[in-house]
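Visitor: Work out the full structure, taking the sequences as your base and the hints as a guide.
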Amino acid sequence: MHRNEVTLVGRLSMEPAGKELPSGGLLTHWRLAVRRPDEHAGHQRSDAIECATFDDGVRGMLEGWRVDDLIEVSGALRRRWWRGGSRYQVEVHTARRVDPPPAPEEQAAADSRTDTITPALESATDTGHEAGSGDGD
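Sequential numbering from 20 applies to the sequence shown in this note's numbering.
Heads up, some of the hints might be wrong.
To be verified - Per label pair, the in silico range of CB-to-CB distance:
no. : residue 1 : residue 2 : range
1   : R22       : R85       : 30 to 40 Å
2   : H62       : E82       : 29 to 39 Å
3   : V86       : L45       : 14 to 24 Å
4   : S42       : L89       : 31 to 41 Å
5   : G83       : H112      : 34 to 44 Å
6   : R55       : T113      : 15 to 25 Å
These are calculated hints, taken from the structure and not from any lab test. Only a predicted model underlies this, so the values are computations on that prediction, with no experimental measurement involved. The beta carbon of each residue, even a glycine, is placed where N, CA and C say it ideally should be.
Guide: See below:
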């Protein structure tokens, strides 16, 4: 049996933004910074993971989210194709804020953090495929 399920918990590192597609649909996308297990004491690494949704209910949940909010999302890993490249992203089916928004002084401290963010699932190229969503739709 094949299974494609993803659950992530991480900090919002890019505020949600909407994009109208040529088909008329609305895609909302954002990025989560998900910490890796502590590999070396004193040096925390994170992966920046692209998330997107076409779901109006999820889009409504995103309102009021701010950078550094702790977010949990569930969905499926998708590879999106376009002319010249491709990208992996999590197509989100459910989302929720795990903690309340930080107080202003906590936000200032978070803004000065020095975590290393490693781009993940952002760009992968495969010249053997043509443009399209690549998700069988």
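Visitor: Would you mind marking each hint as holding or not holding in the structure?
Guide: Hint-by-hint comparison with the structure:
Between R22 and R85 the beta carbon distance is about 33 Å. The supplied range of 30 to 40 Å therefore holds. At roughly 35 Å, the beta-carbon separation of H62 and E82 lies within the given 29 to 39 Å, and the hint holds. Checking the proposed 14 to 24 Å range against V86 and L45 shows it holds: the Cβ atoms sit about 22 Å from each other. Under the hint 31 to 41 Å, the C-beta atoms of S42 and L89, about 33 Å apart, fit the expected range.
Checked against the hint of 34 to 44 Å, the pair G83 and H112 fails, with Cβ atoms roughly 20 Å apart. A hinted range of 15 to 25 Å for the beta carbons of R55 and T113 is consistent with their spacing of about 23 Å.
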